[in-house]
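Keeping the supplied structure of chain X fixed, place chain W with the ligands upon it in accordance with the hints.
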Amino acid sequence: MAEAWWAVARSEEVTSAKPINVDIGDQPIVLWRDQQGAVHALEDRCPHRRTPLSLGCVLGNGMIQCGYHGWTYDGATGHLKDIPNLKSDVKFPALYRAIPFAVAESGGFVRVCLDAKAPAPLLVAKTLPLSGTVNVALEHEHYIAALFDDPSLVLAIKGVRFTPYLLAELAEHEGKLVLERSCQWAGFHWPSPFSSDFPITLRIATDPVTGECDLLLRDDGFRPLLFATLAPVPAARGVTQIRWRATLEDNRHGMRAKLLGAGTPFSVHSTIDGAALRVLKPSASIHAATLRNEITARSAQTSAA
Amino acid sequence: MLDVKDAAITDDYIDPVTADPREFAAKVNAWVPHDIVLKDAWFPLAHSFAITEKPVRRAIYSQPYFLWREGKTAVAAEFHPSEGLQGGKSEFTDAAGRYPVIEKYGYAWCWFGNPANAAPEHIPSLPYLPEDGGLPLHMLGTVRFDCTAPLSLENLIDLTHADFLHADVVGDEKMDKETVEVFHDSETITMVRTCVNKSVAPIMRRFGGVKVDVQQVRQVIRIYLRSHAAIAYGRFSPGDNVQLFHPCVPETRDRTRLDYAINTRNVKKTNLFRYLMPKASYKVSRQDSYMTSPQSPRYMQPEKRKDLHSPLDEAGQKYRVLMLALAERQARGDFAYHVNVSADCSEIIGYDGK
Ligand code: FES
Ligand SMILES: [Fe+2]
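Each protein sequence line maps, in turn, to chains X and W.
Everything in the first sequence is counted per the working numbering, starting at 14 for the first residue and increasing by one.
Everything in the second sequence is counted per the working numbering, starting at -7 for the first residue and increasing by one.
The shape of chain X in the complex, shown without the other chains (with noise of 0.2 Å):
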């Protein structure tokens, strides 16, 4: 958790007009964005009396201020910098502050990584148009095993059914986990445990830490239908908070695939239909721990040669 890039936010989502609470675990974060646009997280509890600094403002020269006392913090390094009150130009010493992390933004995501000192992810190019946020009543870990087990309980996709069959079961690539599974599109057809084919299919590349997925969704001609980024973060009290970003691509072709142009193309569901769930049977998700075990140990080995 503790060096992993977190997407906690969409950029639209921070501003210089307020300050936002996420949270990454237990661990309360607050974003803000200063006037120069540098979006800054410190940790969501001020020093002085332990409020949230959320409940702030931001001033005008992009310092964070608490709504309590008005102790004022710069955003880079959590220094104090002014106790108004004290009308006085001392330096504060150097435990005067807020733990910072380490902000990186791209594609139209936030993330805060919980180490300060960690390197820089790598940058995201795209910006993907559609986006929103969700929080959904389901942890983090069980979240992942939904989307991989049976992503209708999720998200949705326009006029795309999602069938129990995959092409290939959860796997490793490149450092991803990764599994690509057989749609159908709606309507009446065959059913799918009769189907000999069938028309499209989503691959969910995920990353074994964070859990962030790049949603593939293709035809049958191997060509891309729609690409998502869907970012589980866990939160406070076992809830997921889920920013995700999509985009359809422009040449699609046969009807249907065309169709998903019109209306809502990509949704996440802010609710888990609990009965469902509890009894979806894990078959993806199965080798999941396992998987991202071996992964984690490798890179740490990596890391430490």
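Note that these hints are calculated values from the structure, not bench results.
Ideal Cβ placement from N, Cα and C applies to all residues, glycine included.
Examples of chain X residues toward chain W, derived with CB under 8 Å:
hint, residue
1, H61
2, R62
3, T64
4, P65
5, L68
6, G80
7, Y81
8, G83
9, I96
10, N98
11, L99
Just chain W with the ligands now, with coordinates in the frame of chain X:
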């Protein structure tokens, strides 16, 4: 009843605040207000007007208090009268399951602790409330805080927070000079904040007829530690003085009840401020809760990281140390009052009857 004079001088009481500064800091930072339950104190559990023949249920640290009147006399009991003495009673009540109760200043003060120690001398002095009550209803009200009572009092005793949290009611931090003085004894702490040329409180500008841009302000917060009750007295010039009684009753360790009284009889009858100032509590208390409610769970467990302090926090820090000292003494079985909290404190708070 216990004679306070007996208990006062006997033991070798050491002022926890004058002790070694490192020890002082250690105590300040060992603050887990959620764990402090002080006994042998009077709590203003209800406005007198709220007590009628029909019992009302109140609580101190979850201990039930049923209050009603028998004739003119207020009674406080551990059980609802229709329930009777079922399932055994606690050591807080007499054989009939009744708590000591005294009506004074327009409140029913109920004793929380050993009934044998309930002396009227332990009721705090509140100079600007009429001893026999009788303030009009519009000067009285109830608000609640979603936090532990000591956090509510820590909030009150550091008034710099008002400049940020209540700026739209009482004015912001703009002023030429601010000084904070703190006095204490084993049962009380008093903070005096003097502001030179402070920006005028919007409520006074709008409704109080104050036409100038700056005011001279002297605010006094005096907390009676065991009773969790505070005097909040503000002198404004120009402007009318604010005479607030701010008791923080710990109904549970994480929820606070405030039956306040703002005596605005000093304000001219034609001045709207007389009627509106008491109502400001509804707004101000929500603003306070906005901060103290998320604070409260963060003060429930011992915490390795020390809170940071500024010179403006002297009162709050001493409040912590004094409360802890009382808790430690009580843990040793020492419940005596060393000072007479009912002695008139007009001079201490700078109240001149006007
Ligand atoms: S709690 Fe943040 S300034 Fe006091
Ligand atoms: Fe306040």
